[in-house]
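Protein chains in written order, with our numbering: chain A, 1 to 339; chain B, 1001 to 1542; chain C, 2001 to 2302.
In short, the hints are calculated from the structure, not lab data. Among the hints, a few may not be true.
[As the list claims (entries may be wrong)] Across the chosen pairs, the derived CB separations fall in these ranges:
1. B:P1340 - A:P191: 43 to 49 Å
2. B:A1178 - A:P191: 50 to 56 Å
3. B:S1129 - A:S82: 43 to 49 Å
4. C:I2138 - B:G1205: 45 to 51 Å
5. B:K1403 - A:P191: 16 to 22 Å
6. A:G118 - B:E1468: 24 to 30 Å
7. B:G1205 - A:G118: 23 to 29 Å
8. A:V24 - C:I2138: 21 to 27 Å
9. A:D98 - C:T2199: 49 to 55 Å
10. A:I84 - C:I2138: 23 to 29 Å
All residues carry an ideal CB built from backbone N, CA and C; glycine is no exception.
What follows is each chain in one-letter form.
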Amino acid sequence: MTASPTLAPSRRDSTPGVLYSPAVRLIGRRLLAAIPVLWGVTLLTFIVVQALPGSAAQQLLGPNATPEQVQQLEAQLGTDRSMIVRYLDWLGGVLTGDLGSSLSDGRAVTEVIGSALGVTAELVLLALVVSLALTVPIALLAARRPGGVVDRISMAVSMVGLSIANYVLALVLVWVFAVQLAVLPAIGFVPIGDGILDNLRSLVLPAIAIGFPLFCFYTRLLRADILEQMQGQDYVTTARAKGIGPWRVLTRHAFRNSLFGLLTIVGLNLGTLIGATVIIEQIFALPGVGRELLQAISNRNIPVIEGIVLVFAVVVVVANLVTDLLYAVLDPRVRHGNT
Amino acid sequence: MHRFKPVTFGVLSALVIALSACGGGGGNAADGSSSNNGADNPPAAKSGGEITVLEDSGFAGAWPAGLDPATNTNGAANQPMMDTIYGQLFKLVEGGKIEGELAEGSTLSSDGKTFTIKLRPGVKFTDGSPFDAETVKWNFDRSLASPCTCNPKSSWPKLENPAVTTSGTDTVEIHFTAPFAAISRSFISANLNWIASKTSFDKMGEKAFKQKPVGAGPFTVVSNSPSNQLVVQKNPGYFRQGHPYLDKVTFKSIGGDQAAYQALQAGQADAYEGMSTPALVDQASKQSNLTTTQMLSTSPYVIQLNTSKPPFNDQKARDAVYYATDTEAIRKGLFNNRYPTSQTFTGPGGLFYKPTVPGYKTFDLAKAKQLVSEMGGMQVTLGTINVLVAKQTTEALQSQWAKAGIKTKIESYDLAGLIKAFGGPWQSMLQTAGAWDPAIGVGVGFRFNSHSPFTGVKDPALDKLLAEGSGTLDEAKRQTIYDEAGKLISDKSYAPFMFAFAPANLAVKGVYGPGLTTKLPAVAVNPPVSWPDVYKTSGTGQ
Amino acid sequence: MPSSTRVCAMATPDAAAPLELAGAAAEPVRRRSHLTESLELRIPIAIIAFMVVLCFLGPTILGLPAPIGGDILDSNLPMFSAGHVFGTDAVGNDILSRLLHGGQASLEIAFAVNLIGLVFGGGLGALAAYWGGRLDPIIMRLLDVLIAFPSLVLALAIAQSLGPSKINTIFALAFFSVAAFARISRAATLQLREQTFMTAARLSGTPAWRTLLRHIAPNILPGLVTFALLGMGIIIVLEGALSFLGLGVPPPAPSWGNMISTGQQTLSASPRDVLLPSAFLFVTVLAFNLLGDALRSRWSVR
Chain A
1 MTASPTLAPS RRDSTPGVLY SPAVRLIGRR LLAAIPVLWG VTLLTFIVVQ ALPGSAAQQL
61 LGPNATPEQV QQLEAQLGTD RSMIVRYLDW LGGVLTGDLG SSLSDGRAVT EVIGSALGVT
121 AELVLLALVV SLALTVPIAL LAARRPGGVV DRISMAVSMV GLSIANYVLA LVLVWVFAVQ
181 LAVLPAIGFV PIGDGILDNL RSLVLPAIAI GFPLFCFYTR LLRADILEQM QGQDYVTTAR
241 AKGIGPWRVL TRHAFRNSLF GLLTIVGLNL GTLIGATVII EQIFALPGVG RELLQAISNR
301 NIPVIEGIVL VFAVVVVVAN LVTDLLYAVL DPRVRHGNT
Chain B
1001 MHRFKPVTFG VLSALVIALS ACGGGGGNAA DGSSSNNGAD NPPAAKSGGE ITVLEDSGFA
1061 GAWPAGLDPA TNTNGAANQP MMDTIYGQLF KLVEGGKIEG ELAEGSTLSS DGKTFTIKLR
1121 PGVKFTDGSP FDAETVKWNF DRSLASPCTC NPKSSWPKLE NPAVTTSGTD TVEIHFTAPF
1181 AAISRSFISA NLNWIASKTS FDKMGEKAFK QKPVGAGPFT VVSNSPSNQL VVQKNPGYFR
1241 QGHPYLDKVT FKSIGGDQAA YQALQAGQAD AYEGMSTPAL VDQASKQSNL TTTQMLSTSP
1301 YVIQLNTSKP PFNDQKARDA VYYATDTEAI RKGLFNNRYP TSQTFTGPGG LFYKPTVPGY
1361 KTFDLAKAKQ LVSEMGGMQV TLGTINVLVA KQTTEALQSQ WAKAGIKTKI ESYDLAGLIK
1421 AFGGPWQSML QTAGAWDPAI GVGVGFRFNS HSPFTGVKDP ALDKLLAEGS GTLDEAKRQT
1481 IYDEAGKLIS DKSYAPFMFA FAPANLAVKG VYGPGLTTKL PAVAVNPPVS WPDVYKTSGT
1541 GQ
Chain C
2001 MPSSTRVCAM ATPDAAAPLE LAGAAAEPVR RRSHLTESLE LRIPIAIIAF MVVLCFLGPT
2061 ILGLPAPIGG DILDSNLPMF SAGHVFGTDA VGNDILSRLL HGGQASLEIA FAVNLIGLVF
2121 GGGLGALAAY WGGRLDPIIM RLLDVLIAFP SLVLALAIAQ SLGPSKINTI FALAFFSVAA
2181 FARISRAATL QLREQTFMTA ARLSGTPAWR TLLRHIAPNI LPGLVTFALL GMGIIIVLEG
2241 ALSFLGLGVP PPAPSWGNMI STGQQTLSAS PRDVLLPSAF LFVTVLAFNL LGDALRSRWS
2301 VR
């Protein structure tokens, strides 16, 4: 986190408090700082993809194309212009909300990303819901009686779960549930419009493949944090001294604070979570953003690559911002101006 | 706290080893001859039903450029989609014959320079507009100008100007400056074969049309999720009465043979086109719920040698490679004897097939060693495309050549890398060469003609032979010419051939169709399935 | 056939901030026998040591054939065949030999990446936090860019421009390792900076390098080392994910990752090709995780 100057205005009379409140200034500062980051990411991507051998035209035409055919298509696509011109062109478009057109079939990049984003968002949401829904009760039960049965089993299971690669887990899940038992589909995505039940069925296995390692990670984290709260903090001792039972202390006080901590971690990890969806989408043939990015890279479809990278970067930046805000709420030192 | 761990390790390891032991570790000792298990006496055709067909996302299952014949740069691969929407002007039937489908017939002038197509009268596009000569000409002009490798122009002789003319409302002519025997065969899997409705194109505009095209084929587009899923439904106005049999076909893109196989096993699809992994083809042929049909191979594997650079500018080095390559062992060990040997650029499913060439240098390790030591050792790079089977073949070659003293570095490239590699100092490449008719498509010229960017050979005598082969009209004479060309390649040791490889099509029991459960030559990797003739007899819908 | 080019993913989410949350008192303070404590350490250490010895010395000791260059006529031999305990793969190579040599590659990559991350990332983060001022935000912004940048694009770019190789894999993974370590070391150094003994040191005029070396480093090192151990598991798994991409160790040379990604393509025909490297991978990663966990609980209970 960046160092922040003292925030509270020295005169407390007519200055509207909200506008100058630390939280708002924090958001403002972070947003400003985010812009060079986003710019840096898109520029870096452009340079990196340009360095790749081949071109969109070459990829589209395939291995049997003659050089003349490739040149012809490149002229049509406009990819024979210099890199600087193309980047500035694209940048100009972005500032007006136009992300350009796909080099493959001319569709608007926003259209290409739009439908794919829905799939990935639903997948990520499901994975988070599944993992958090399990994490919270299990971590609570484990922390309630440290060293007890629930605690030991959950810690053992989560340790094993953390050690399995998610792509191996996905392969095993498909083999067991789709091929052997044939209760869940091996591939494909059913849009919500075609039936909510089928839609969920098509996402169960992928969500578990992503969600299970998450669950393992979060459970250990939450449990450790609750225990730390229970043991270390003064307010816990005070509460116990007042005669409030241990379970109540747990759920009312320690848990709430620990949950904040967990949520900040969830926020920080959002970027890598999106990364995990790429390999899972490929295995399960889900038409999400990850798969779209893969195809775009393979096709050297620069506008689509840039568009997706931009979306990813925005998500990560926003997640970091929210996380920092939560930290600010959580940690009084940050709230009042010293980092 | 984690005291159970040691026990867990023990149990887990034992479990894994036990699972591995019983899980298909065995090789296939039986001769893996192509099996058509159960499709030899298929039940009678009936109307109705829907099927889901899987296509490999690296090939047919990707249509990033849309579905307009003039701009679909992936057209040759997407022929299932294009054939269902547009139908075909000409189609390939069993026995390797070309028949008219939307075209009634065709003739080639006696000098071989004018190709006349007679259109079937009374055919209409699904938007009601007539399927006439003017529309066909408009399509031809667009398609011939397209920068697509499915544009057959690149393997044609020079066209006259004007290239395409019409005569009346039902006749279209194509004019060449030199005779061209293979013209009707050129149409298969080429963009000329697919005729789009000009009326709809003008109405929708190019961008919308390529997403939801309109043709005169057996099916019409219901929905298109690009490179993911295409749903087509029966065209009740299709010119063939009683066809298509199926009500609906859903094409789904899938990431490879293994995923497709699992999806079939999970009951999620009815067919998969183009399975190339030998181990999975063998596995599939053993399943009683699947029909596995080995297609007829037309394009043999060839080890291209770059004769313009050392070491292969020296014939001795090239001879050494011929003698060091044990094709039989690879056929047996990697491919289970599925494919017969080829010593020239023709395959058993293609025209002008000749399995052997007189004087071909077959495997002889002693001779290879001797030649290599005469050269003072050899170090070469062998590249290929990033496909599992191709990579495994180069690994096997690497081991074999090592025994003769040739040190090999193998590289596998994706498409862009492959093209870049050909532009640089490459030494040897494992590719496929040949085509159903050697004069069309990728064919032979692509790999052996002096002017091709992908050739390793610059031999005017060979160029002359290949040009003659395409210009001669007499089939018997063409056979002789191609035999000569094969012998020339063999005598000069330009490139050892291995065997002609073709994928297999898988279908769930109850689904049948020409090219799906019967054998057709693989014109452009996958054979052209005749979709109006595909039917489903099992009761369960998908 | 498929472009079979797949993607990069982190199997375990990056553990940037957890040091603050879970670092302190990961275990409840209770009576723990010396036996439990030492077993907690000894078992994973033993497993790791066994794996390392097996992979690096095993091929010589057991007299195994080379991992590549097998005879094609020996392809797909089943388990427990003569001369091949785990059988052979589709091109005739001995699977056990490939497993052990693959382990060498995977372990080497993981070790190199984590070492680079620890030294460069840890150093960078500590420096940034210690000096603060103008340098800190700049470094943090750079790290943010790196973390926001989809690793996939970078990894693919490296693979295709430079060609896939072990060195390039290490290079690609090191980027993210450095960023992750930098964040952790920065957070830890920040915490330290607030403490009174640091102020005392500053006031008494201790030169910066001395402070860093003698005060900061010993205090943040345990946390970094713990993270490095967890990172071993993460990187080994990541290398496998990259193999699905076409990066990673280029076949035919084996690594656990590329054995899984290649074996996956014929999973239904011979599951053993995936199960065996997955099992080795699992056991090794588990051992590193257990060790990291045990050390962390040791070092945080003061």
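Which of the numbered hints above does this structure break? 5 and 6
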